[in-house]
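Read off the chains here:
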Amino acid sequence: MPLSAYLAVSAILFAIGATGVVIRRNPLVMFMSIELMLNAVNLSFIAFAHFLNSVEGWMFVFLVLTVAAAEVVVGLAIIVSIFRTRHNVDVDELNSLKG
Amino acid sequence: MLFQQIAFYVLAAVAIGSALGVIFFRNAVYCMLSLILNLLSLAFFFLTLEALFVATIQVLIYAGAVMVLFLFVVTMLAPSSNDDVTGRDRLRWQWGAGIGMGVILAVALCYAAFTGRLAADVKASGAASLAKQVASAGNTQAFGLALFHGYSFPFEVTGVLLVIAVLGAVALGRRSGAKE
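Chains as they are written, first to last, in our numbering: chain Z, 1 to 99; chain X, 1001 to 1180.
If you are wondering where the hints come from, they were derived from the structure by calculation, not from laboratory data.
Some hints here could point you the wrong way.
Claimed, not checked - Quick partial rundown of chain Z residues pointing at chain X, CB under 7 Å, derived from the structure:
{"hint": "1", "residue": "18"}
{"hint": "2", "residue": "22"}
{"hint": "3", "residue": "29"}
{"hint": "4", "residue": "55"}
Said to hold, decoys possible - Listed next, with one range per pair, are the computed distances between beta-carbon atoms:
{"hint": "5", "chain 1": "X", "residue 1": "1069", "chain 2": "Z", "residue 2": "91", "range": "14 to 24 Å"}
{"hint": "6", "chain 1": "Z", "residue 1": "2", "chain 2": "X", "residue 2": "1060", "range": "26 to 36 Å"}
{"hint": "7", "chain 1": "X", "residue 1": "1117", "chain 2": "Z", "residue 2": "67", "range": "23 to 33 Å"}
{"hint": "8", "chain 1": "Z", "residue 1": "85", "chain 2": "X", "residue 2": "1008", "range": "41 to 51 Å"}
{"hint": "9", "chain 1": "X", "residue 1": "1064", "chain 2": "Z", "residue 2": "78", "range": "17 to 27 Å"}
{"hint": "10", "chain 1": "X", "residue 1": "1076", "chain 2": "Z", "residue 2": "2", "range": "42 to 52 Å"}
{"hint": "11", "chain 1": "X", "residue 1": "1004", "chain 2": "Z", "residue 2": "90", "range": "39 to 49 Å"}
{"hint": "12", "chain 1": "X", "residue 1": "1005", "chain 2": "Z", "residue 2": "85", "range": "50 to 60 Å"}
Said to hold, decoys possible - Quick look at which bits of chain X chain Z covers, simulated, 3 or more residues with Cβ under 8 Å:
{"hint": "13", "region": "1017-1024"}
{"hint": "14", "region": "1037-1048"}
Note that CB positions come from ideal geometry on N, CA and C, so glycine has one too.
With the hints as extra help, turn the sequences into a complete structure.
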């Protein structure tokens, strides 16, 4: 398959993820959409690494994986602590950072 | 060649279908399971692109560890976050606007992917350095050499980032009444 096909799949996944962040109100699902976007970019990195015969794409994917893991850990901790104080996880209701 | 094309189309269909499932299922647990399917299909994409080690860590770390953590939190908060119905009806025009934006973004990015100079130039370059390394040493060894020789500083920074993330999670996860 040509590179453009992989890039197109990656672009469609990224757009789906961006749409999910915009239209969903559950912060957990918004988080999942962010994961979708990160993984879409990973796919294009791997495709470029394959077609450019270069190992840099793999490195970037490795670093993106690590950053995504850190982001998930901190973000989920924030969501859990919001749920503890508010008993409600709807981003429309969350308009102050103070607990 | 034919097998590769069939694999590509099947994997693309699974990936896009499960991605749509992530944003359109009402129950957050179904969204989660759909996301795991998406990550696994991306791991198979990585396999078809000959990135064996990256596909392995995608399955082990992402679809394994990170998603289990996610699933714990989703099932913990699921009963309250299940009633998304009123929210969906409250701002229907927002759904239309969001989906319209997504379609425009997808079309624009696909147009760029198929007509841009970048995709056309890729064939011309290609020093075959990676292919040579992989042929002589193996996939994982090429990855490790690049990681610990050319990219050792980013690797160290990654370690610092993970430590900060763990400390932050511990600080946030502590009950706020524990100090008093």
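Exercise for the section: Return holds or violated for the Cβ distance of residue 85 of chain Z and residue 1008 of chain X against the range 41 to 51 Å. Expected result: 47 Å, holds
Handout entry: Assessment of proposed distance window 50 to 60 Å (beta carbons of residue 1005 of chain X, residue 85 of chain Z)
Key = 53 Å, holds
Handout entry: Proximity test - 8 Å, beta-carbon atoms, the region 1037-1048 of chain X to chain Z, at least three hits
Key = Holds, because 5 residues of the region 1037-1048 of chain X bring their Cβ atoms closer than 8 Å to Cβ atoms of chain Z.
Practice task
Using the beta carbons of residue 1004 of chain X and residue 90 of chain Z, state whether their distance is inside 39 to 49 Å or not.
Solution key: 45 Å, holds
Problem - Evaluation of the interface hint that places residue 29 of chain Z against chain X, nearest CB under 7 Å - result: 5 Å, holds
Practice task
Given the hint of 23 to 33 Å, check if residue 1117 of chain X and residue 67 of chain Z actually sit that far apart at their C-beta atoms.
Solution key: 29 Å Cβ-Cβ, so the 23 to 33 Å window holds.
Exercise for the section: Starting from the range 17 to 27 Å, see whether the pair residue 1064 of chain X and residue 78 of chain Z falls in it by beta-carbon distance. Expected result: 23 Å, holds
Handout entry: Satisfaction of the residue 22 of chain Z interface hint, Cβ to chain X closer than 7 Å
Key = Interface hint status for residue 22 of chain Z: holds (4 Å vs cutoff 7 Å).
Handout entry: chain X contact restraint on residue 55 of chain Z - CB to CB distance below 7 Å
Key = Holds: closest Cβ of chain X sits about 4 Å from residue 55 of chain Z, inside 7 Å.
Problem - Range agreement (Cβ of residue 1060 of chain X with Cβ of residue 2 of chain Z, hint 26 to 36 Å) - result: 30 Å, holds
Practice task
Starting from the range 14 to 24 Å, see whether the pair residue 1069 of chain X and residue 91 of chain Z falls in it by beta-carbon distance.
Solution key: 21 Å, holds
Handout entry: C-beta pair residue 1076 of chain X, residue 2 of chain Z: status relative to the range 42 to 52 Å that was hinted
Key = Holds: the Cβ-Cβ distance is about 44 Å, inside 42 to 52 Å.
Of the numbered hints stated above, none is contradicted by the structure.
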